[in-house]
Amino acid sequence: MKIGYARVSSTEQNLEVQLKQLQEIGCEKIYQEKVSGKSADRPELISMLDFARAGDIIHVTKTDRLARSTIDALQIADELEAKGVGLVLHDLGDININSQVGKLIYTVISSFAELEKSRILQRCAEGRALAKSQGKHLGRYKNEKLHAQIKEFFAKGMNKNLISKTLKCSRTTIYRVLNGSN
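Each step along the sequence shown adds one to the number in our numbering, with nothing skipped, and position 42 is 42.
Derived from the structure by calculation, the hints contain no laboratory data. Please note that a few of the clues may not be correct.
Here are the simulated lysine to aspartate or glutamate pairs, EDC-like style, with alpha carbons at most 16 Å apart [claimed, not checked]: (1) Lys103 x Glu116; (2) Lys34 x Asp50; (3) Lys165 x Glu152; (4) Lys2 x Glu24; (5) Lys2 x Asp94; (6) Lys83 x Asp50; (7) Lys29 x Glu44; (8) Lys136 x Glu126; (9) Lys2 x Asp50; (10) Lys62 x Asp94; (11) Lys20 x Glu33; (12) Lys103 x Glu126; (13) Lys103 x Glu79.
Make a model of the complete structure from these sequences and hints.
If you want it as structure tokens, here you go:
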């Protein structure tokens with residue numbers, strides 16, 4: 001059976017291009033999800049790996065859609081190979097990575113995907129540091145009204161759990177406000 005896997009990192013991104021390609025390939029079942037690829041702990045990926053049987057071939061349009069770390073990529077490949085399931089990555093010239101040459105190419109390309117992920121994180125950290133050095137606000141602004149209500153209710157003797165339920169906010173928020181670490 002031809003099985004497809006499509007993934008994008010966020011809900012704002014679109015799966016249409018990947019789904020169209022997988023349908024054109026003739027995938028009978030397509031697993032799709034909108035979740036970060038930084039972890040192999042993805043519901044649809046796990047379902048697909050559980051579903052795949054010996055003789056099936058999993059098709060993925062791009063290597064980085066399957067895994068963003070070399071370790072995850074190789075673990076997925078090893079799991080599929082042990083089950084007798086093929087894996088074809090279409091950005092690698094439709095190569096089945098269960099062959100020796102395919103596994104070598106897959107390892108190298110997966111390393112580049114991991115490198116790109118770390119470079120993105122580095123650029124984000126640099127951007128945050130620059131913004132902070134320029135005095136720009138990072139993160140959410142305090143909800144001054146909520147904080148005042150928390151302090152008022154606590155001063156009147158209301159316990160933290162009841163304040164949390166009444167104001168529909170987390171107890172962590174209550175503790176931060178009352179401990180002055182907000």
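Hints versus structure:
At most 16 Å may separate the alpha-carbon atoms for a hinted pair to count; Lys103 and Glu116 exceed this at roughly 20 Å. Under the criterion of a C-alpha separation no larger than 16 Å, the hint pairing Lys34 with Asp50 is inconsistent with the structure, at around 19 Å. Only pairs whose Cα atoms come within 16 Å are accepted, and Lys165 paired with Glu152 is accepted, the gap being roughly 15 Å. For the suggested pair Lys2 and Glu24, the alpha carbons sit about 11 Å apart, so the restraint of at most 16 Å is met.
Under the criterion of a C-alpha separation no larger than 16 Å, the hint pairing Lys2 with Asp94 is consistent with the structure, at around 13 Å. Among the hinted pairs, Lys83 with Asp50 is consistent with the structure: their alpha-carbon atoms are about 10 Å apart, no more than 16 Å. Proposed proximity of Lys29 and Glu44 is supported: the alpha carbons are some 12 Å apart, at most 16 Å. Between Lys136 and Glu126 the CA atoms are separated by roughly 14 Å; this keeps the pair inside 16 Å, and the hint holds.
Restraint check: the Cα-Cα separation between Lys2 and Asp50 comes to about 15 Å, which is no more than 16 Å; the hinted pair holds. With a CA separation close to 10 Å, the supplied pair Lys62 and Asp94 stays within the 16 Å bound. Distance restraint check for Lys20 and Glu33: the Cα-Cα separation of roughly 15 Å lies within the 16 Å cut-off, and the hinted pair is therefore satisfied. Proximity of Lys103 to Glu126 is assessed by CA-CA distance (about 34 Å); at most 16 Å being required, the pair is judged violated.
Distance restraint check for Lys103 and Glu79: the Cα-Cα separation of roughly 13 Å lies within the 16 Å cut-off, and the hinted pair is therefore satisfied.
Of the hints listed earlier, those the structure fails to meet are numbers 1, 2, 12, in rising order.
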